[in-house]
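Starting from the given sequences, assemble the full structure and let the hints guide the process.
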Amino acid sequence: MEPSFLRKYVFSVDHKMIAKQYMITGLVMAVLGGYLAYVFRVQLAWPGESVPGFGPVGENVYNALVTMHGTIMVFWVAMPILLAGFGNLLIPLMIGTDDMAFPRLNMVSYWTFLVSSLLLVASFMVPGGAAAMGWTFYPPLSARAEFTGVIWGGHLWILAVALEFASMLMGGINFLTTVVNRRAPGLTMFRLPLMIWMLISASVLFMFSVGPLIAGAFMLLLDRTVGTGFFMPEAGGDPLLFQHLFWFFGHPEVYVILLPGLGVVTEVLPVSSRKTIFGYRAIVYSTIVAGLLSFVVWAHHQFISGINPNLALPFSITTILISVPFAVFLFCCIATLWRGSIRFTTAMLFAIAVIAEFLLGGVTGIVNGSAAADIYMHDTYFVVAHFHYTLFQAVILAMFGGIYHWFPKMFGRMMNEGLGLAHFGLTIVFFNLTFLPQFALGFRGHHRRIANPESFDWLADMQGLNVLSTIGSIGLLLAQIPFVINFFHSMFAGKQAGRNPWQATTLEWITPSPPGHGNFEEAPVVYRGPYVYSPPDSEKDWRPQHLPAGLEGTETAP
Amino acid sequence: MSNHAQPLPAKITTGVPTGRLGIWWFLAGETVIFGGLIVCYVLLRLHHPEWAEHAAHTSWIVGGINTLVLLTSSLTMVQAFKAVTEGKTQRAVGLLGVTWLLGLAFLVIKVFEYTHEIHGGYTILANLFWSFYYLMTGLHALHIIGGLVAIAVVMVRARKGKDLQRVEYVGLYWHLVDVVWIFLYPLLYIAS
Amino acid sequence: MNETLGHDGDHPHSNYVAVWTVLVVLLVLGIAVGFVGNPVLGAVLVFSVATVKAFLVVTIYMHLKFEPLLVRAIILCGLACVFIVLIGLIPDIVYGVGH
Amino acid sequence: MLSWLPENVSSYGSDMDSLLRLILYIVGVWFVLAEVVLIGLLVVYRKKPGKRAAWVPGSNLKQLSWVLLPCVVILGLDLAIEAAGAPVWHTIKQTLPDPDLTVRVSGKQFAWDFTHPGEDGQLDTDDDIKSEFDLYVPVDSVVQFELVSEDVIHSFWLPHLRLKQDVVPGRSIKGWFEVTKEGIYPIACAELCGIGHTTMGARLHVQSLEEHRIWVQSQEPLDEFWEE
Chain X
1 MEPSFLRKYV FSVDHKMIAK QYMITGLVMA VLGGYLAYVF RVQLAWPGES VPGFGPVGEN
61 VYNALVTMHG TIMVFWVAMP ILLAGFGNLL IPLMIGTDDM AFPRLNMVSY WTFLVSSLLL
121 VASFMVPGGA AAMGWTFYPP LSARAEFTGV IWGGHLWILA VALEFASMLM GGINFLTTVV
181 NRRAPGLTMF RLPLMIWMLI SASVLFMFSV GPLIAGAFML LLDRTVGTGF FMPEAGGDPL
241 LFQHLFWFFG HPEVYVILLP GLGVVTEVLP VSSRKTIFGY RAIVYSTIVA GLLSFVVWAH
301 HQFISGINPN LALPFSITTI LISVPFAVFL FCCIATLWRG SIRFTTAMLF AIAVIAEFLL
361 GGVTGIVNGS AAADIYMHDT YFVVAHFHYT LFQAVILAMF GGIYHWFPKM FGRMMNEGLG
421 LAHFGLTIVF FNLTFLPQFA LGFRGHHRRI ANPESFDWLA DMQGLNVLST IGSIGLLLAQ
481 IPFVINFFHS MFAGKQAGRN PWQATTLEWI TPSPPGHGNF EEAPVVYRGP YVYSPPDSEK
541 DWRPQHLPAG LEGTETAP
Chain L
1001 MSNHAQPLPA KITTGVPTGR LGIWWFLAGE TVIFGGLIVC YVLLRLHHPE WAEHAAHTSW
1061 IVGGINTLVL LTSSLTMVQA FKAVTEGKTQ RAVGLLGVTW LLGLAFLVIK VFEYTHEIHG
1121 GYTILANLFW SFYYLMTGLH ALHIIGGLVA IAVVMVRARK GKDLQRVEYV GLYWHLVDVV
1181 WIFLYPLLYI AS
Chain B
2001 MNETLGHDGD HPHSNYVAVW TVLVVLLVLG IAVGFVGNPV LGAVLVFSVA TVKAFLVVTI
2061 YMHLKFEPLL VRAIILCGLA CVFIVLIGLI PDIVYGVGH
Chain Z
3001 MLSWLPENVS SYGSDMDSLL RLILYIVGVW FVLAEVVLIG LLVVYRKKPG KRAAWVPGSN
3061 LKQLSWVLLP CVVILGLDLA IEAAGAPVWH TIKQTLPDPD LTVRVSGKQF AWDFTHPGED
3121 GQLDTDDDIK SEFDLYVPVD SVVQFELVSE DVIHSFWLPH LRLKQDVVPG RSIKGWFEVT
3181 KEGIYPIACA ELCGIGHTTM GARLHVQSLE EHRIWVQSQE PLDEFWEE
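Residue numbers (our numbering), protein chains in the order written: chain X, 1 to 558; chain L, 1001 to 1192; chain B, 2001 to 2099; chain Z, 3001 to 3228.
These aren't lab readings, by the way, just hints derived from the structure by calculation. Because the structure is a prediction, the values reported are computed rather than measured. For glycine and all other residues, C-beta sits at the position ideal for the given N, C-alpha and C. Certain hints may be false.
[As the list claims (entries may be wrong)] Heads up, simulated DMTMM-like pairs for lysine to aspartate or glutamate below, C-alpha to C-alpha not over 20 Å straight-line: (1) Lys3181/Z x Asp457/X; (2) Lys3108/Z x Glu59/X; (3) Lys3051/Z x Asp541/X.
[Unchecked claim] Which bits of chain L does chain X cover? Going by a derived footprint, with three or more residues having C-beta under 8 Å, they are: (4) 1038 to 1051; (5) 1123 to 1130.
Structure below.
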């Protein structure tokens, strides 16, 4: 029986439809977040000028813009697209099952997320405007409305974030239970595609780190609404307590959005270089180590925030140690290319760009991680450039790579490679044009979150770099036009994709494109690891996970 | 990892039913939320020894009675689960009803306690200790209310003999709420 | 979500009434040690009693002692995180400079 | 990139600059090396007709050592960076040398209030000199500051001194600096503190000892004027 329109597209319990809902909501929020970035970048380049398409930017408006940009990009773009979107799309397909363990919980999770998005968007329209306390929401600035003049915007911000966390917790429970209990026969943990490892690691990190911050959010909401003093020193509270709670969550959160992006890379690289991933177990173990370390590094965001100075050194050491598991990951990815046969599809280009840009983001992290150097670099544009080089590539570039790669499984068609190439080239050029100058600004001591760099004399001779960065950001936004055209055009008129257009080995590629209800025509059984490309004993350069012994060499494509 | 096909391992999943596993993940999330709140309270309490004075105004007798009520409700809850596994559905429904009433009793006692304290001038704004008191017990009471709703739903279904596995799931949740109270009681009522 | 009872996930039942009796005795004991003169000793005893009570409820009423390693690990990880926060914050919040 | 740093005028600033230089050289070499290898592999192993990929799973230690050995080197360099940074951190944040002058810096929305001791050299006495926006200190002297906030979190930021420290309400945070060159240097607030965060600046006036003495003496009438 054909389900009704509402059941199929709106209140769907099918994991693929929920994945698309998450992705589309996330992309719409990304447009909003990008627009905010455009407005404040223009203000920074030409302070005081009226911004085309917005109007003059007042100081509190500026604070609201940067606050909402950060909030939206982390919680309403990165998490729904990479974790919830790709997670929902790929987990059942890659582990060979028909749906999530709790399909209805999955639907509730999406609708909770949608309500949280609407609350957040509504906060722009309430009197006083949106939250203007920075995305980190440090009290006392956030604990009393009179400090910023923003009343309802702040309340709505906390409510929206709390709902978003609830939604992602439900999603996380679903992911973890599904992967633990519903894997296809033969699919042991060490035969899982690395994307699944990354998604469940991210879910575990989120689940165990978010609790204290949810407790902190309750306290902060009471501080704002009722007037208690959990974080107000005159009442006996402590502002630093919130910072600790926030960053105990905040650092694992970085990996929650980073790991799925790296997962996309580990899927695309072997397919496009026709070579098995180098060091599967090394990558799994280094991910686990990085996840564990992420729970004991949080105070590196607070080196100069008034914490006990004796704490800085241990936290600095654990922070810098994190470079080791990520170096293992990156070197394994680079080693995968060695002696491969590399095809430069758009998805592959984005995956390579993730590695190339992440290297720069990673090494600049060492500067911030060293407690002493952080005295100078903290809260400057160096930090801004650093985390955009880690997160922009993991969130945006990996997301594009993933969309180009798995578009056949979403809509049954291929995306246009020509437009994809244009999109890739422009994005990379303008991305670097936007953020490279910010490293220099950071060295100059340009501090963050100021609306007008011209109010400080020593920054005056660097204003040209601000202009350059703004031009880059405008170009970066315009560079997405080919993608939008490509996305919608290919959805309806792209080349029909067969089941397995990339000749890939993992389970999602044995389903029809797009997979029907229930995904698999017959339940798959898994006989081998996920990345058997160019095995030495076969003519074919790929061997799917589900192909039984004795049938090697009978792979057909697509 | 090998490129050759390997024999199927005998068993790959944990053997824990999916629903129960989901509940355990959920409970772990709850543990971290309440744990975080309790940690905040403990840290600030250690910083402010003078809160002992305020803590002396909570009634350990009323709190103790409420602890007894919750412990007993946990007993009836686990007995209901036992009855389900023995196939005695009607007995299970009855025991769930008793649990539900005990949960309600807890809330009624709590309301009287709040009323008394607020009349005594100890509102949520009186002092940070009282802010924590109302936040922690309030959040816990919300969990009790949520539990009562869940138990009611499970009871209605169980009467018709449906979804009996949910008796265990709601029980796990209910016991966690009990465990949280086991810690809140000494934190807020006893320790000086 | 349509599992039936009687599969391999079932656990043996313990004597729940006896456990309840122990819990009530511990409750009385916990209240009693609250009146110990020494506040440090009192607090240690009170929270030891509470921990034993919680342990009994979790292992027996919630059957955690019959669950596989994974489930126990989930709960232990949660507790470990709470302890990391507690330990990491003591130098700042309890002994914070000049606040 | 180091040439973009503002001129260093503090006693510990050159240590900070050398630390930054050390880190930049180390990570710069690694970054360039990794990018060159990456791009090189992409060019060399691009798809060519008749050539297929090799089977290199990296599942034994011999193959993995290609990845793990560089990581061991990275670990060593990390620890070296830590070892180089620890003394700098210790100097700036963990030590408080005997001060020649003690001042109190109070952050509020959206200005800095400075309290200088008067001729008696003591704070909290009648001859304290208060000033909004201007901090006066003698050159080549150890200045100890005490940071307090009246409302929200601010951050005391002196780029030319390589010094930054958050100002947290409810805490009084002590630190120190020693300026080696006379002049006027900017002070800014580096932590988002509300509407006026952008404009929350002040000036540090570094005077010769003699000038500073004369300045302190000349301020007394103003202070009495303030009292009224």
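How the hints compare with the structure:
Restraint check for lysine 3181/Z and aspartate 457/X: the C-alpha separation of about 19 Å stays at or below 20 Å, so the hint holds. Restraint check: the Cα-Cα separation between lysine 3108/Z and glutamate 59/X comes to about 17 Å, which is no more than 20 Å; the hinted pair holds. For the suggested pair lysine 3051/Z and aspartate 541/X, the alpha carbons sit about 11 Å apart, so the restraint of at most 20 Å is met. Look at the segment 1038 to 1051 of chain L against chain X: 6 of its residues bring a Cβ nearer than 8 Å to a Cβ of that chain, three or more, so the hint holds.
Look at the segment 1123 to 1130 of chain L against chain X: 4 of its residues bring a Cβ nearer than 8 Å to a Cβ of that chain, three or more, so the hint holds.
No hint from the list above goes unmet by this structure.
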